[in-house]
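Visitor: Since the structure of chain A is already known, use the hints to place chain B on it.
Heads up: the protein sequence lines correspond to chains A and B, in order. At position 138 of the first sequence (counting the first as 1) the number is 138 in UniProt numbering, and the numbers step up by one without a gap. At position 320 of the second sequence (counting the first as 1) the number is 320 in UniProt numbering, and the numbers step up by one without a gap.
I should point out that these hints are in silico values taken from the structure, not numbers from a laboratory. Worth double-checking, as some hints may not be accurate.
Mimicking SDA-like on lysine to any residue, the simulated pairs with C-alpha atoms at most 20 Å apart in a straight line are [as the list claims (entries may be wrong)]:
1) A/Lys190 x A/Ser350
2) B/Lys535 x B/Met449
3) A/Lys320 x B/Thr491
4) A/Lys117 x B/Lys542
5) A/Lys320 x B/Glu66
6) A/Lys119 x B/Gly577
7) B/Lys37 x B/Thr491
8) B/Lys25 x B/Met449
9) A/Lys345 x A/Glu221
10) A/Lys320 x B/Met54
11) B/Lys378 x A/Tyr47
12) A/Lys178 x A/Glu343
13) B/Lys542 x A/Ile36
14) A/Lys282 x B/Phe495
Derived contacts from chain A toward chain B, CB cut-off under 8 Å, selection only [to be verified]:
15) Leu240
16) Gln275
17) Ile279
Given the structure is predicted, the values throughout are model-derived calculations rather than measurements. Just so you know, even glycine gets a beta-carbon here, dropped at the ideal spot from N, CA and C.
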Amino acid sequence: MTALLTILIVLFVAVALWQMVKIFDLAQIGDSNTQIADDKDNRINGYLMIGFLIFIYAITILSFMYLGDLPLISNSAAEHGPGIDNLMIISMVVIFIVQIVTQFLLHYFAYKYKGEKGKKALFYADNNTLEAVWTGIPVIVLAGLIIYGLFTWNDIMTIDEDKDPMVVELYAQQFNWKARYGGEDNVLGKANVRLIDLDNANILGVDESDPNAQDDVIVTELHLPVGKPVLFKMRSQDVLHSAYMPHFRAQMNCVPGMVTQFAFTPTVTTAEMRQNPDIQDKVKNINELRIERQAEIEEAGQDLLYEFDYLLLCNKICGKSHYNMQMKIVVETQEEFDAWIKEQKTFENSLLN
Amino acid sequence: MSATGDTHVHDDHDVHHHKETFVTKYIFSQDHKMIAKQYLLTGVIIMGIIGILMSLMIRMQIAWPEQPNVIFESLLGKWAPGGVMDADIYLALVTIHGTIMVFFVLTAGLSGTFSNLLIPLQIGARDMASGFLNMISYWLFFVSCVIMILSFFVEAGPAAAGWTIYPPLSALPLAQGGSGMGMTLWLVSMAIFIASSLLGSLNYIVTVINLRTKGMSMTRLPLTIWAFFVTAVIGVISFPVLLSAALLLIMDRSFGTSFFLSDIFIQGEVLHYQGGSPVLFEHLFWFLGHPEVYIVLLPALGITSEIIATNSRKPIFGYRAMVASILAIAFLSTIVWGHHMFISGMNPFLGSVFTFTTLLIAIPSAVKAFNYITTLWKGNLQMNPAMLFSIGLVSTFITGGLTGIILGDSALDINVHDTYFVVAHFHLVMGISALYGVFAGVYHWFPRMFGRMMNKNLGYLHFWVTAVCAYGVFFPMHFIGMAGLPRRYYTNSNFPLFDDTTNAQLVITMFALVGGAVQIVFLYNFISSIFYGKKAEQNPWKSNTLEWTAPVKHMHGNWPGEIPHVYRWSYDYSKPGHDDDFVPQNVPMKEGEEELHH
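Chain A extracted, bound-state conformation:
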């Protein structure tokens, strides 16, 4: 019944809008209106073009004022992060210069050369020099960006095995994450989903007969020692997922049937990041907003106050609960890490039989 009523109401609102437009329309009858722009239209819309240019600039400035602290272009927590952030800032500067200048020219010309009866436009069909200039400038600027970008990309994607990275498997399934450490030998045991044996609590399909697998450690919270290179090996058991760690400027898809990889070195511990003034501002801001929505949040059974943590998010559509597929990441000192991993069960000991 309510459904029917709402449909009716929506319908009536639409009809009302329609009628309002109609009145607007009828009000113009009697005008000797040809429906072709005349000088008055050209003038008004010319001014509106300038108005719109101001609007574009205003929304840019307002976005920076109110949303400017959202972008992750500082405070990266990985060694390669500043490289990406610098490239991002340079690209943004280029973009904003081009944006401001071209939008100005476009809208200013639209205003400046608004039509008038009797005026004649300039017949100007071609100018090879001009065109060479604005083909050349993008070529040079883009060449710079491409070269910088490719060096950055190469640095990130080239995995330096000499640095003896800690090997960690990120294992994705609908809708949660697991992490597997190589253990004492830092070598992951072989694994395949065909070896999954739920009755034996072998949930990742690790090869029970592989000697390298015995000391593997499987956890649901990712701990990383600060300053130590980590080589992630990603696996998925069902559909595509994407391991997205925004604070570390890291992301790689998890693809069923293959192992993908990504490596980085965390540089800031969780505790240090929580002391960062920017992060503290952000957390304070978030908590103010959360206190406003106190009832709603408590009803949902969440903690009212937010405390900063690094996160691993799923960033590839993976089904119904895609929106809540996350894992906490803790970056800590080597000692803290060693103490933590000692408490975890090894694979051998986690099996039921």
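Guide: Just chain B now, with coordinates in the frame of chain A:
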């Protein structure tokens, strides 16, 4: 085409004219003008309304997550128990919104309407090369629309794996309800759609190559036709690849093959698939998927070129550079698909290659933008609604295109991939820009289609509110994306980390609702003008192209007598030595007059 040949064709049509019944005139019509109107009504108006309504529901869910909403309750029925939208249907809405807007509205709707209407009229042909194929093409499109909409009424819901339908999610009903019957219908609908699109494209290509009137050399073609022509070529090259991907996916789904699937454990069982790779699907999908962006955008740019020149009363600046950049974009568009897959697990070296080719595309795009701006310079701008939408298109094309420099850069893509940054980018550069192209085209060629004028003041209202809302929606969205917020999340309430984006989300939804509502103004203007609009003159915009030399009242064969011959390019606006500020293409050169653009 010789003059005698033309007369002959014309006679044929005249005989046919008398036998015309309601069915052959309005339903199974083979006349390109009627088919264009059919595409406009089905592809742009009806599918457009459905697609936009879905986007508004998506925005409402994002702004007020998991809260009861009577609109959801009434429109979504069992998928919004108590008015709270279900997470599955959210993904379905995202999926079908994307599919409808990209394929049905901005591919079939845009090309179907304007290629059909303008190719024969602007090149001086009696009709398409094959009216029959053209009719089949429309009706296949109609069937695919019906099937896509029907998928909302199957038990487990419509396809919900995103418009990119990456397997295994799209292949396994166990992974998602929508991957059952809903996905089957999606694939069937798309297969029919592709057949329709290919028939249409082949027809456009053949028509442009063979049926140009006397004097219409390729270098005198209006840029609209160049754009439609090249679009059709890209479609013929890339759509078959999507068809093969869809067929292989159907094989995997229904016949147990393993093209895209391997080593899967789901809901307690190991599936038999072995040796396939989802990455292969991604390659096949994006081999169409990226050219598709230009299949959507190029016709809009073609329309803009024509409208900006006409309303500036100036030749389009750098005609040859414009043609060259269309060709360059078309070529590059087929070798950049990998920039959607930087982090798919493919070899990082490939990432470098695709970064290189992708950023190259910025060069012809920049040339186009600068040429539009220069066309305005020292013009005599007639601010008709079509002109406003064209200027608006250039604006959003620049704003949206610039962020492509970030996304095309593999190193930067790592952190903004699949976030709202991407959503903002592609909506501006291809969604909004192409929609503006559609609107510009409708306002400009409405007199040609219906013999009446649309109301300009409603057009102004429509443009300005839409333009403000488009920026209001998509500009702040970049910032949310750069905060790391992934797209396609049903709600962000499980991530307190993103709580500081909620106010921005609310503002965006407000802009979206206003922007959606103002489309009613357009709808009203469109429908009422068909019946009550002011009668149009033969050439209301004082344009040079041939379509305005045909009589206002539509007829088979387009021109009553001989097809006009062409003596000049279509951009002789404000040419020195002429009294009027336009010289139609069928006006012979004066003695001693030169073709100045060469």
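Visitor: Give a verdict on every hint.
Guide: We went through each hint and held it up to the structure:
Among the hinted pairs, A/Lys190 with A/Ser350 is consistent with the structure: their alpha-carbon atoms are about 17 Å apart, no more than 20 Å. Pair hint B/Lys535 plus B/Met449 holds up; C-alpha atoms about 12 Å apart against a cutoff of 20 Å. With a C-alpha separation of about 11 Å, the suggested pair A/Lys320 and B/Thr491 falls inside the 20 Å cut-off, and the hint holds. Simply put, A/Lys117 and B/Lys542 have alpha-carbon atoms about 14 Å apart, close enough for the 20 Å limit, and the pair holds.
The straight-line distance between the Cα atoms of A/Lys320 and B/Glu66 is roughly 14 Å, inside the 20 Å bound, and the hint therefore holds. Of the pairs offered as hints, the one joining A/Lys119 and B/Gly577 holds, with about 15 Å between alpha carbons and a cut-off of 20 Å not exceeded. Among the hinted pairs, B/Lys37 with B/Thr491 is inconsistent with the structure: their alpha-carbon atoms are about 40 Å apart, more than 20 Å. In summary, the hint linking B/Lys25 to B/Met449 is supported, as the alpha carbons are separated by about 15 Å, within the 20 Å threshold.
For a cut-off of 20 Å, the pair hint linking A/Lys345 to A/Glu221 stands: about 13 Å separates their Cα positions. For the proposed pair A/Lys320 and B/Met54, the alpha carbon gap of about 18 Å is at most 20 Å, so the pair holds. A distance of roughly 17 Å separates the Cα atoms of B/Lys378 and A/Tyr47; the hinted pair therefore holds under the 20 Å criterion. With a C-alpha separation of about 17 Å, the suggested pairing of A/Lys178 with A/Glu343 holds against the 20 Å cut-off.
Between B/Lys542 and A/Ile36 the alpha-carbon distance is near 11 Å, which keeps this suggested pair within the 20 Å criterion. Proposed proximity of A/Lys282 and B/Phe495 is supported: the alpha carbons are some 14 Å apart, at most 20 Å. Among the interface hints, the one on A/Leu240 holds; its C-beta lies about 5 Å from the nearest C-beta in chain B, closer than the 8 Å criterion. Using the Cβ-Cβ criterion of 8 Å, the hint placing A/Gln275 at the interface with chain B is not satisfied: the shortest such distance is roughly 17 Å.
With a cut of 8 Å, the hint placing A/Ile279 at the interface with chain B is violated, because the nearest CB-to-CB distance is about 11 Å.
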